[in-house]
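Enquirer: Line by line, the protein sequences give chains H and W.
Per the numbering used here, the very first residue in the first sequence carries number 1; after that it's consecutive.
Per the numbering used here, the very first residue in the second sequence carries number 1; after that it's consecutive.
Worth flagging that the hints you see were computed from the coordinates, not collected in a lab.
Note that the structure is a prediction, hence the values are computed from the model and not measured.
Note that the Cβ used here is the ideal one computed from N, Cα and C, for glycine as well.
Each hint should be verified, as a subset may be incorrect.
Unchecked claim - Computed list of lysine-lysine pairs in DSS-like fashion (alpha-carbon distance at most 30 Å, straight line):
{"hint": "1", "chain 1": "H", "residue 1": "K371", "chain 2": "W", "residue 2": "K70"}
{"hint": "2", "chain 1": "W", "residue 1": "K88", "chain 2": "W", "residue 2": "K33"}
{"hint": "3", "chain 1": "W", "residue 1": "K6", "chain 2": "H", "residue 2": "K387"}
{"hint": "4", "chain 1": "H", "residue 1": "K107", "chain 2": "W", "residue 2": "K42"}
{"hint": "5", "chain 1": "W", "residue 1": "K88", "chain 2": "H", "residue 2": "K387"}
{"hint": "6", "chain 1": "H", "residue 1": "K43", "chain 2": "W", "residue 2": "K6"}
{"hint": "7", "chain 1": "W", "residue 1": "K6", "chain 2": "H", "residue 2": "K69"}
{"hint": "8", "chain 1": "W", "residue 1": "K70", "chain 2": "H", "residue 2": "K430"}
{"hint": "9", "chain 1": "W", "residue 1": "K70", "chain 2": "H", "residue 2": "K434"}
{"hint": "10", "chain 1": "H", "residue 1": "K387", "chain 2": "W", "residue 2": "K33"}
{"hint": "11", "chain 1": "W", "residue 1": "K6", "chain 2": "H", "residue 2": "K68"}
{"hint": "12", "chain 1": "H", "residue 1": "K95", "chain 2": "W", "residue 2": "K6"}
{"hint": "13", "chain 1": "H", "residue 1": "K430", "chain 2": "H", "residue 2": "K354"}
{"hint": "14", "chain 1": "W", "residue 1": "K64", "chain 2": "H", "residue 2": "K43"}
{"hint": "15", "chain 1": "H", "residue 1": "K73", "chain 2": "W", "residue 2": "K54"}
Unchecked claim - Among the chain H residues that face chain W by a calculated CB cut under 10 Å, a handful are:
{"hint": "16", "residue": "A21"}
{"hint": "17", "residue": "V51"}
{"hint": "18", "residue": "A345"}
{"hint": "19", "residue": "Y370"}
{"hint": "20", "residue": "R383"}
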Amino acid sequence: MPAATFVTEEFSTLGRLEAEALGMPSLPLVIIPHPMGNLPQEKVHEAIDGVMDEVLSVLTLPSGELDKKYRGKYTETKKTFRAKPLFSWDARQEKIEVTDSLEVISKLVEARGWGDGLPIVPPTGERVSRMLEYTDRDRRDLIGVIPPRRGMATVEKIAINAVMAGCLPEYLPVILTAVGAMVEPQFNLYGIQATTNPVAPLVVVNGPLAKELDINCGYNVFGQGWRANATIGRALRLILTHIGGGVPGVLDRATQGQPGKYSFCIAENEEENPWEPLHVERGYDPQTSTVTVVGAGAEHNILDIASTTAQGTLMTLANGMAAMETNNAYLGGEPLLVICPECAARIAQGGFTKKEAKIFLYENARIPLYKFTRDSIVSMLQRRRPKWYTEAGPHTMVTIANSAEDIMVVVAGGAGPHSKFVPTFGASTKAVTKAITLKDGRPVGAVKEFKTRRKG
Amino acid sequence: MEKSRKIEMANPVGEQEESNLRLATRPNSLEGKTIGLLDNLKPNASVIVAQAGKRLAERFPSLKFIVRSKPEQAIPVPEAIVREFREKCSFVINALAD
C-alpha cells in the first residue's frame, strides 16, 4: 500500500537502514526536523506544512521515480559516521585473514564498527570448532533472525561471537537458549534493539547448569569477577551487534545506554531463596536448567538497612520500586525485583509466600498522580494506560504493573542489605523462559551431555 | 616486535534474511480516496499525521480518513490494523521512531 512515512532527521539513517534490512530500500521517508516530540503543536504544524509537497509526491509519483529519489538516500549528520562501516559489512566473506597481533586485530575490529570497545578473542577456525563441540545441533541450524538488520543467527554464527566474547565452549548451550528466547515474538527484540531506552536483555539462569558452569548468583552478582557472567552476557551483546546490526547511534538508538549493555547475566541464588525459584514459578521442574531473558533497564539499588520486620522490608522495597519516570510507571509491564538473600529471608520469616510478597509490593509501589507533570499525565499515563488513568484524579495512585502477578521476583546476591529494582521496557515486552535442552527437547543434567551427543 | 604470522578469523556478521518487497503502485489521483492515518503513540505523532491529513483534505475535499493508533509504541503495527487499512484505504500516512 502506498505510504508516506515521516521520520525526524536524527532517526532518518535508522529508518533507511531498517527499510533496507526489510527489503524495501526505496521506501519514501519524508524527513522533518528533530526533535518533534516536545514541541508545541503550532511548531509541529509548521514543520509538516513545510513538507506537504513532498508528501503529495510520495503518494502520487510512479514507483520508478520514487525509487530514484529515495533508494540509498541518507542524510549526513555528524553523528552518522558510525553508520559507514555498517554499510560495508559483508556476511559472504567467510574468513578474514589478519596478522596475528592483538593490536592489528583490535584496529580491524574497530575499523569495521564491530565489537563493544574491549579487545576480542580472535575467532579462529580451531576455537570455533571447539566451541561447537558443546551443541548437538548442526552448525547451519538457524536459531533465529535478529532484528533490526534481520541477520540470521545460525549455531555457527552464535559460536563465532561466543568465541569473540571469551566464552568457554561449555557456555554455548546457555547462549543458544538465550538467543532462542530473545527471538520469541513476545520478547519484542526489535523494539528493544532499536529504542532510545537503555533496555538490554538480562539473562537469568536457573537450575543445575548454573552451578556447574559457575554462573555467579552471590556477592557482586551484577558486577565483575566471574568469567561465565561476563562472557555469556558479552556474547549476547556481540550477537545483537554483529548479527542484528545493533551498532550504537545507528540501529541501536539508546540515548545514554547502560553498563548492562556490555554484559547482563546472573544466576538466581536458589540455595538462599526461601521460595520457589523463578523457573519453578514459571512451570519448570527444579532440576531443569533454564534461561529467562528480561527486557531490563538500568538497575536501581534499594538499601534496607533498618528494617527489623517483614513488612518493613517489603515496604522499603516497594518504596524503591515506586519510581516515577520509568517505562513501568508509564506503560505497565513486568518490573523486576532482585531481592538479596537477607531481605528475602526476613520477608519469608514474616510468613509471606512469594505470591503474597508480590501482592504487597503491587499495592504499595505506587505514585500519586499529582506528582507527574501535566504533559506526562496527558501524553503518557492517559494515552498509554487509558484503561487505568483516563478518569484518574490527582490522588489516584499510579501502579508500576497492571497486576501483582506481573511483578517478577528473583533472589540473588551475597550477605548485606542491598536489593535491586530493575525497571523493564514496559508492556511491549514479556520475559521469556526456555529450558536448556538437547536438540530433541530433553533437558540435560550436565553440560557434558551436549559434547557426547554432538553431530559433526 | 609485531608478529607477521597470519591467522584466519571467522566472520561474526550474520547473513541477512532475504526479503523481496516492491514499492506499491500509486493511484493516479487522491480524489475520492480514503487515507489511513497511523499514530505510533510517540509524543506529537498524532499531531503530525493529523496535520498532514488536514492539509491534504484542503487540497482534495473528497478525501476520507481512518485514524488508528498502535496499542503500544514499541511493537509492530497489529495485523488487524494492517488488514483494515488494506481493505479500506488507498494510502497510509505514518510516523517512524521518536
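Enquirer: Next step is simple, just say for each hint if it's right about the structure.
Expert: Comparing the hints with the structure gives:
1. H:K371 to W:K70: 27 Å, holds
2. W:K88 to W:K33: Within the cut-off at roughly 9 Å; holds.
3. W:K6 to H:K387: Violated: K6 (chain W) and K387 (chain H) sit about 63 Å apart, past 30 Å.
4. H:K107 to W:K42: Roughly 39 Å separates the two Cα atoms, so the pair is violated.
5. W:K88 to H:K387: Holds. K88 (chain W) to K387 (chain H) sits at ~28 Å (cutoff 30 Å).
6. H:K43 to W:K6: Violated, at roughly 58 Å.
7. W:K6 to H:K69: Measuring from Cα to Cα gives roughly 44 Å; hence the hint is violated.
8. W:K70 to H:K430: Since the Cα atoms of K70 (chain W) and K430 (chain H) sit roughly 17 Å apart, the hinted pair holds (cutoff 30 Å).
9. W:K70 to H:K434: Roughly 29 Å between the alpha carbons, so the hint for K70 (chain W) and K434 (chain H) holds.
10. H:K387 to W:K33: It is violated: about 33 Å lies between the C-alpha atoms, which goes past 30 Å.
11. W:K6 to H:K68: 43 Å, violated
12. H:K95 to W:K6: 12 Å, holds
13. H:K430 to H:K354: 20 Å, holds
14. W:K64 to H:K43: 25 Å, holds
15. H:K73 to W:K54: 28 Å, holds
16. A21: 7 Å, holds
17. V51: 8 Å, holds
18. A345: 37 Å, violated
19. Y370: 21 Å, violated
20. R383: Nearest chain W Cβ about 7 Å off; hint holds.
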